[in-house]
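**Q** As you go down the protein sequences, you meet chains A and B in turn. Reading the first sequence from the start, the letters are residues 1 to 517 in my numbering. Reading the second sequence from the start, the letters are residues 1 to 158 in my numbering.
Just so you know, the hints here were simulated from the structure itself, not pulled from any lab data. All of these numbers come straight from a predicted model, not from anything done at the bench. Heads up, the beta-carbon is just placed ideally off N, CA and C, and yes, glycines get one too. There may be inaccurate statements among the hints.
Sample of chain A residues facing chain B (criterion: CB under 10 Å; computed from the structure) [stated by the list, open to error]: (1) Leu46; (2) Lys139; (3) Ser215; (4) Lys216; (5) Gln426; (6) Phe430; (7) Ile437.
Label-pair ranges, simulated between beta-carbon atoms [as the list claims (entries may be wrong)]: (8) A/Lys241 with B/Glu58: 37 to 45 Å; (9) B/Trp107 with A/Gly59: 45 to 53 Å; (10) A/Ala255 with B/Ala57: 35 to 43 Å; (11) A/Glu142 with B/Glu35: 42 to 50 Å; (12) B/Gly61 with A/Met299: 36 to 44 Å; (13) A/Pro96 with B/Leu100: 38 to 46 Å; (14) A/Glu247 with B/Ser153: 49 to 57 Å; (15) A/Pro57 with B/Gly108: 51 to 59 Å; (16) A/Lys241 with B/Pro46: 35 to 43 Å; (17) A/Gly331 with B/Asn112: 54 to 62 Å.
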Amino acid sequence: MTKIYVPRDMAALAVGAKRVLAAIEKEASARGETIQIIRNGSRGLLWLEPLVEVETPEGRIGYGNVKPSDVPSLFDAGFLKGGAHPLSIGKVEDHPYWAKQTRVTFERVGIIDPVNLDDYVAHGGGQGLAKAFEIGPAKVIEEVTKSGLRGRGGAGFPAGIKWKTVADAPADRRYVVTNADEGDSGTFADRMVMEGDPFVLIEGMTICGYAIGASKGFIYLRAEYPQCAEVLTEALEAARKAGWLGENVRGSGFAFDIELRIGAGAYVCGEETSLLESLEGHRGIVRAKPPLPAHVGFMGRPTVVNNVLTLATAPAILAKGGEFYASFGVGRSRGTMPLQIAGNVKYGGLYETPFGLTLGEIVNDIGGGTLTGRPVRAVQCGGPLGAYVPPSLFDTPFDYEAFQKHDSLIGHGGLVVFDDTVDMMQMARFGMEFCAIESCGKCTPCRIGSTRGVETIDKIVEGVDVEANIELLSDLCNTMKFGSLCALGGFAPYPVESALRHYPEDFRKATLPAAAE
Amino acid sequence: MSGAVPWNEARAQEIIDAHLGLEGPALPILHAIQEEFGYVPEAVVPQMAQSLNISRAEMHGVVTFYHDFRHAPAGRHVLKLCRAESCQSMGSEKIAKDFLERIKLEWGGTANDGSLTVEAVYCLGLCAHSPGALYDGEPIGRVDGEILDELASEAQKS
Ligand SMILES: Cc1cc2nc3c(=O)[nH]c(=O)nc-3n(C[C@H](O)[C@H](O)[C@H](O)COP(=O)(O)O)c2cc1C
Ligand code: SF4
Ligand code: FES
Ligand code: FES
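All chains, please: the whole structure from these sequences, using the hints.
**A** In structure tokens form, the structure reads like this:
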């Protein structure tokens, strides 16, 4: 029976994977062909979705951008045996976008059936946890520390140190919380790993729970990901059924379970203390730190809050060793980063690679430049709180410290490409507006400052006292940077300042023609 | 959206009670209430406050903090259009503005015939296929005016 892979990844669904699946099933039954459909995650070659794959003795052959109307011709071309067709991309694993990646966190994503535990195990799943049980909690933390893994949610805090802090905090209970709020524009890696390999997150959380002495974990998933919630629910049930979660995880005597919680559309709830407030059932108002969640977290107990990618990388680190992971990367940015190439870009997708590629290589060589074919003018790195980077800085290597040097951040690894039609003053305005919409309201600089920022930019748009208002805007940015409690108000100025710095002409459009008259 | 039922206090209490064993049950309850009734009726606030042993003011604060909890029923279909940066890079703002003009709606508004509510969202994780949208929870990538017009007329028919 021929195995056919049709992704259930949300991005594949967004471009018609479900209709393609129906067409394939219909055509197969009309032709009396027996096929086995597997709903995999996405390979991350997102511009090719829906990417249908057929298993052949030579490997998996891919057909990209399949429309329902292509399906009869695919059958005519013998695609069940990997036959030639204009949509064929050949062996998916030979495609340069795939072949050049270093997949560690995303090892299985797109390859396996995400909710089939046997498939997970057949592809190396479960070895990390087995190793953890073998070496004991203290050695697990040592291994994670040795790997150099830093939090992938944005701040880049060393994961091993956080785990150790929680493990060492005296308490009657501890918790593991996965931050799956993924609110940054231009990011989808958390979603893809949860939809394509949910067991790796479950395993990573279990490893963390074991290491820190927690028996309960939560996944706080944003409400905008309903398909992802379905996959996670199926996977959690399968894990419980197989004894991978519950009173006695895989016969180890260690008890651990995970509860899935859904957010309610607040960006700030991705901030860890706001998330904990929300999880407890309160408004998502940010807590002052200290105390850190590692000391006083969920229900006042020591809590590890980690991003999806951080936790989903733990199994590979345990299975292959901290040194293996640390052997990738540059400087203090060890390991690999699942880049998310997005926006106005030709080859948008997920690309996992060691730290250290330059931004230009990522945007132009891997991403292929803009989709519109126009020149790249700006790349916003690290989500709505990240800077706009012009092509003149494209030689910056992708690592935490190199980006910081230019007042930018890599954040969660999202890169949003803009062509030369972008109005950077409007992007700056949006940055302030977004902060105003999403502010939790606790601090004045964030809550009021962002609204003032929008008003000030509106004056600049109209050409009113442009230079004075630009100065006022810069002052506002400073006040927000230094007077905000959390990184929403504290970092919202970065996109604005970068726009002012690198694209000053966009803020003076209203004055220029007047001056020329 | 899928068959929301009219407000019913006893049913609401059942939903609340079913979640009381959870640690921090407020959001799961609110989601379940909205799933059942299509919105979070004002009447549920005192009821939840009592069950969760918190003040009405605090409960009210929770409901109003989150963008996703509706204070009134939505249209029969809900279209969420992404307005975040990646989608803007692909022209989402103009596509949305023109569409809203054509169907004479503002952001957050519901068509007079109750067929469609259009709401703003900020990133759907579809940023490699910007502009992105969710129509009754189904994702749509590479949104353009034509797709939106089709959805609006589909919404009127069902
Ligand atoms: C406004 C705001 C939004 C955030 N959103 C997220 C998010 O969606 N996902 C995430 O993992 N971290 C987010 N963070 C970072 C978290 O506060 C926290 O640093 C992270 O969850 C820690 O996990 P890590 O060490 O594994 O990165 C956000 C921070 C701020 C200030
Ligand atoms: S900076 Fe903004 S979001 Fe963060 S705590 Fe202050 S008001 Fe809330
Ligand atoms: S906490 Fe009050 S101004 Fe920041
Ligand atoms: S910014 Fe629109 S889907 Fe991500």
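**Q** The structure should be examined with respect to each hint, and the outcome stated for every one.
**A** Quick rundown of the hints versus the structure:
1. Leu46: holds, 4 Å
2. Lys139: violated, 30 Å
3. Ser215: Violated: closest Cβ of chain B sits about 12 Å from A/Ser215, beyond 10 Å.
4. Lys216: holds, 8 Å
5. Gln426: It holds, given that the least Cβ distance between A/Gln426 and chain B is near 8 Å, below 10 Å.
6. Phe430: holds, 7 Å
7. Ile437: With a minimum Cβ separation of about 8 Å from chain B (threshold 10 Å), the hint on A/Ile437 holds.
8. A/Lys241 with B/Glu58: 37 to 45 Å: At roughly 39 Å between Cβ atoms, B/Glu58 and A/Lys241 fall inside 37 to 45 Å, so the hint holds.
9. B/Trp107 with A/Gly59: 45 to 53 Å: holds, 48 Å
10. A/Ala255 with B/Ala57: 35 to 43 Å: holds, 39 Å
11. A/Glu142 with B/Glu35: 42 to 50 Å: holds, 45 Å
12. B/Gly61 with A/Met299: 36 to 44 Å: Distance hint for B/Gly61, A/Met299 is violated at roughly 19 Å.
13. A/Pro96 with B/Leu100: 38 to 46 Å: Once the Cβ atoms are compared, 42 Å apart, the range 38 to 46 Å for B/Leu100 and A/Pro96 holds.
14. A/Glu247 with B/Ser153: 49 to 57 Å: holds, 54 Å
15. A/Pro57 with B/Gly108: 51 to 59 Å: holds, 55 Å
16. A/Lys241 with B/Pro46: 35 to 43 Å: holds, 40 Å
17. A/Gly331 with B/Asn112: 54 to 62 Å: Roughly 60 Å apart at Cβ, these two residues keep to the hinted range, so it holds.
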